[in-house]
Amino acid sequence: MTRRIVLYFFLMSSFVSVGQQMVNHQLIARNLGEKEMHDGIVLRTFGFAQSFSEQPSIPGPTLYANEGDSVVLDLFNVSQGAPHTIHLHGLDVNQENDGVPHLSFEVHHMEHGYYYFVAPHPGTYFYHCHVVSTIHVQAGMYGVFIVKPADGSNITWDGGYPYSQDKLYTMSEIDPLWHEDSVMEHDHDTTQTIHEVSIPEYHPSYFLVNGQSEQQLLEPDIALQTAKEEVSFLRMANIGYLANRVTFPEELNAKIISTDGRPIVNPEISDTLWISPGERYGVLIEPIVDLIDSIEISYVNMNTLTSEDIQYVPVLVSGTNGLNEVLIKRPFELYPNPSADQFYIKSFGQAYDCIKIYDAMGRLVHIENHDNTEKKSININLAEGIYKVEILLSQCVLDTLKWIKR
Amino acid sequence: MSYLIKPFDKFISMVFLKESAILFLCITTAFNSFSGQISDTIYINSGTLQTFNGSSLPYKCFNSSNVFDKRNAILSYSISDTVSLTIFNNDISPHRISSIELGVTSGLISPGMNETVSIHSAALGTFIYHDSENYPNNKILGLAGMIVFRNNSSASFYWNLKELDTLWINEISSNNQLSAEYNPKFFLINGNHNPDITGDSSARIVGNVGDTIHIHIANTGNAIHSIHFHGYHLKVEQSSAHPGHEGRIKDTFPINPMEVLTLELVPHQPGEYPVHDHNLIAVTGANIYPNGMFLTMLIEP
Numbered sequence: 001m002t003r004r005i006v007l008y009f010f011l012m013s014s015f016v017s018v019g020q021q022m023v024n025h026q027l028i029a030r031n032l033g034e035k036e037m038h039d040g041i042v043l044r045t046f047g048f049a050q051s052f053s054e055q056p057s058i059p060g061p062t063l064y065a066n067e068g069d070s071v072v073l074d075l076f077n078v079s080q081g082a083p084h085t086i087h088l089h090g091l092d093v094n095q096e097n098d099g100v101p102h103l104s105f106e107v108h109h110m111e112h113g114y115y116y117f118v119a120p121h122p123g124t125y126f127y128h129c130h131v132v133s134t135i136h137v138q139a140g141m142y143g144v145f146i147v148k149p150a151d152g153s154n155i156t157w158d159g160g161y162p163y164s165q166d167k168l169y170t171m172s173e174i175d176p177l178w179h180e181d182s183v184m185e186h187d188h189d190t191t192q193t194i195h196e197v198s199i200p201e202y203h204p205s206y207f208l209v210n211g212q213s214e215q216q217l218l219e220p221d222i223a224l225q226t227a228k229e230e231v232s233f234l235r236m237a238n239i240g241y242l243a244n245r246v247t248f249p250e251e252l253n254a255k256i257i258s259t260d261g262r263p264i265v266n267p268e269i270s271d272t273l274w275i276s277p278g279e280r281y282g283v284l285i286e287p288i289v290d291l292i293d294s295i296e297i298s299y300v301n302m303n304t305l306t307s308e309d310i311q312y313v314p315v316l317v318s319g320t321n322g323l324n325e326v327l328i329k330r331p332f333e334l335y336p337n338p339s340a341d342q343f344y345i346k347s348f349g350q351a352y353d354c355i356k357i358y359d360a361m362g363r364l365v366h367i368e369n370h371d372n373t374e375k376k377s378i379n380i381n382l383a384e385g386i387y388k389v390e391i392l393l394s395q396c397v398l399d400t401l402k403w404i405k406r
Numbered sequence: 407m408s409y410l411i412k413p414f415d416k417f418i419s420m421v422f423l424k425e426s427a428i429l430f431l432c433i434t435t436a437f438n439s440f441s442g443q444i445s446d447t448i449y450i451n452s453g454t455l456q457t458f459n460g461s462s463l464p465y466k467c468f469n470s471s472n473v474f475d476k477r478n479a480i481l482s483y484s485i486s487d488t489v490s491l492t493i494f495n496n497d498i499s500p501h502r503i504s505s506i507e508l509g510v511t512s513g514l515i516s517p518g519m520n521e522t523v524s525i526h527s528a529a530l531g532t533f534i535y536h537d538s539e540n541y542p543n544n545k546i547l548g549l550a551g552m553i554v555f556r557n558n559s560s561a562s563f564y565w566n567l568k569e570l571d572t573l574w575i576n577e578i579s580s581n582n583q584l585s586a587e588y589n590p591k592f593f594l595i596n597g598n599h600n601p602d603i604t605g606d607s608s609a610r611i612v613g614n615v616g617d618t619i620h621i622h623i624a625n626t627g628n629a630i631h632s633i634h635f636h637g638y639h640l641k642v643e644q645s646s647a648h649p650g651h652e653g654r655i656k657d658t659f660p661i662n663p664m665e666v667l668t669l670e671l672v673p674h675q676p677g678e679y680p681v682h683d684h685n686l687i688a689v690t691g692a693n694i695y696p697n698g699m700f701l702t703m704l705i706e707p
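In order, the protein sequences belong to chains F and R. By this note's numbering, the letter at position 96 of the first sequence is numbered 96, and the numbering carries on one by one without gaps. Adding 406 to a residue's 1-based position in the second sequence gives its number in this note's numbering.
If we strip away everything but chain F, and leave its shape as in the complex, we get (with noise of 0.2 Å):
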């Protein structure tokens, strides 16, 4: 460690003068941090911090640089157990700085741990912890590192896209018999490449876009809030042990133009994006019309290939009076939500005249026009899962619920 601290030094007094700019961040480690779900139910959580004041987040702080700039990330770990490690996902740094432990180094309690790279290409990289990384990631230790030009504007990469704003949604999921002490307070063998640890099967029930989950995912931070022919861009990352089905809606002129920090030569223009766990994506998006609407994204799981649960990200392009009023004025429930063969369309007054519910893999399976009543009854025999159900009026969608089967 004293090594890494002499390292520290004579990385911050030469390396202003190789990179563009000398950037520094501190990460602190902490595995006592708590989360409250949309449910209300509270979970124990590993976390990064940016000062002692706060708790950790789930993600971890968004870190920046720009292109060519020499960053100094210090790990301070005051948590007690297992120690912890930065793996600069996809950032391409040497062995010493890879963050895995047993060929790089460890950061145990009350120490210091320095990483050293050069900011490679403009993108959207993550960084987590790579001690147990099955446990400790899914305790929450990830965050998004974004590498932006090295003038730091709103253009994707140098020569690249310009845009207005961008949007950062990363998904991951949460189960939470894995955030029982008898998980994470595993032993760690220092002296060991191969661990021993309590793992259970794998079947998380919170679904998260930035930590957050169902009517959560309706605040103005989460939305996507633009302009009729205005560019934004958004990045997309994964970090969860599920595949994601991303859906856009169509006026949105999805264009897939990035991928894992770098460009895509052929961008491809679709309304549709899979995102495997550990991958990234920017999109960009150019509305067309105005619009209320929302992003699917369904988490699939990687063994059966089935969907296990679907969220909604709301969009907004202009013509709308914020947000919030957008909600109050949200003109149709869905209920019970989950049941069986039955639920109910309760409209609030606003007409419609089709209702289309489509499976998890976005195949249409159910078709129903519309009879005016307030309170429309569904009878359907379908297998469970998780359903989205359109209320349509003159072939235009004019709002998507979740259904879920049961």
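Just to be clear, a hint being listed does not mean it is correct.
[Claimed, not checked] Sample of chain R residues at the chain F side, in silico, Cβ under 10 Å:
hint : residue
1    : G653
2    : H684
3    : G691
4    : T702
[To be verified] Chain F stretches covered by chain R per the calculated footprint, using a threshold of three residues with CB under 8 Å from any CB of chain R:
hint : segment
5    : 178 to 184
6    : 197 to 207
7    : 266 to 278
Don't read these hints as lab results, they were simulated from the structure. Every residue, glycine too, gets a C-beta built ideally from N, C-alpha and C.
For chain F, the structure is supplied; the task is to place chain R on it using the hints.
Below, chain R without anything else, positioned relative to chain F:
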């Protein structure tokens, strides 16, 4: 090594792994038969696979010899080769070999019998061969491997990804029926889990800075995998599921069941770096971490 990888790559593996002079003589012989019409033989063998927690599973593989090996043979040929491949069935059940992308399907091969198919590829790349009889159950029991057609002498490494759901394998073996959702507990590359994968010279990437290295990946399992490389970005040279993704530069590569990827790595820095499935469940097994689909690559200056 020599019994696992078929002719073309024996020479390359030799150079990289500095194996014995005796093996060199065998490989030279194979090297001389690079082009044209060649003959090859594989055997359908049944045996037992030991999982990390010590349990034994009935398992079947296409092997290069009459002796059961948990690793399916990797068939690597020159693009100019037309291969006459003979398959001997040493099992007690009938089998059939198919490679859909190569347009090859044998007749039914009864126990104790053999069948010969002709294999040629107009395109470079990685392809899957598997048992199409009683599909997918025979494949789940292990019968799937990869064929690679190449036109260069660059270093190549081969990963046959597969998971094991012990319940499924036991049920198929006993009554050919499945009673539950797929729920694998073990995750293998070329029949091995970490740390044994690193000892598999056909799988462990070894090279030097500036080398051009090809990694041929076939997912013969039932699950999606998402392979993440530390230290490097690689180029997608071939993607059977998404040809439009060819040319992309990435560090994480999803691969769907029964699909293949060919990746090109040109290391820019030395070091020992992990490669692993970033579905982090798949780097565990029997409460061991890291187990499963995790290995390291070693790049010298």
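Do the hints match the structure? See the list:
1. G653: Where the cut-off is 10 Å and the nearest Cβ of chain F is about 6 Å from G653(R), the hint holds.
2. H684: holds, 3 Å
3. G691: holds, 9 Å
4. T702: With a closest approach of 7 Å, the T702(R) hint holds.
5. 178 to 184: violated (count 0)
6. 197 to 207: holds (count 5)
7. 266 to 278: holds (count 6)
Of the hints listed earlier, the one the structure fails to meet is number 5.
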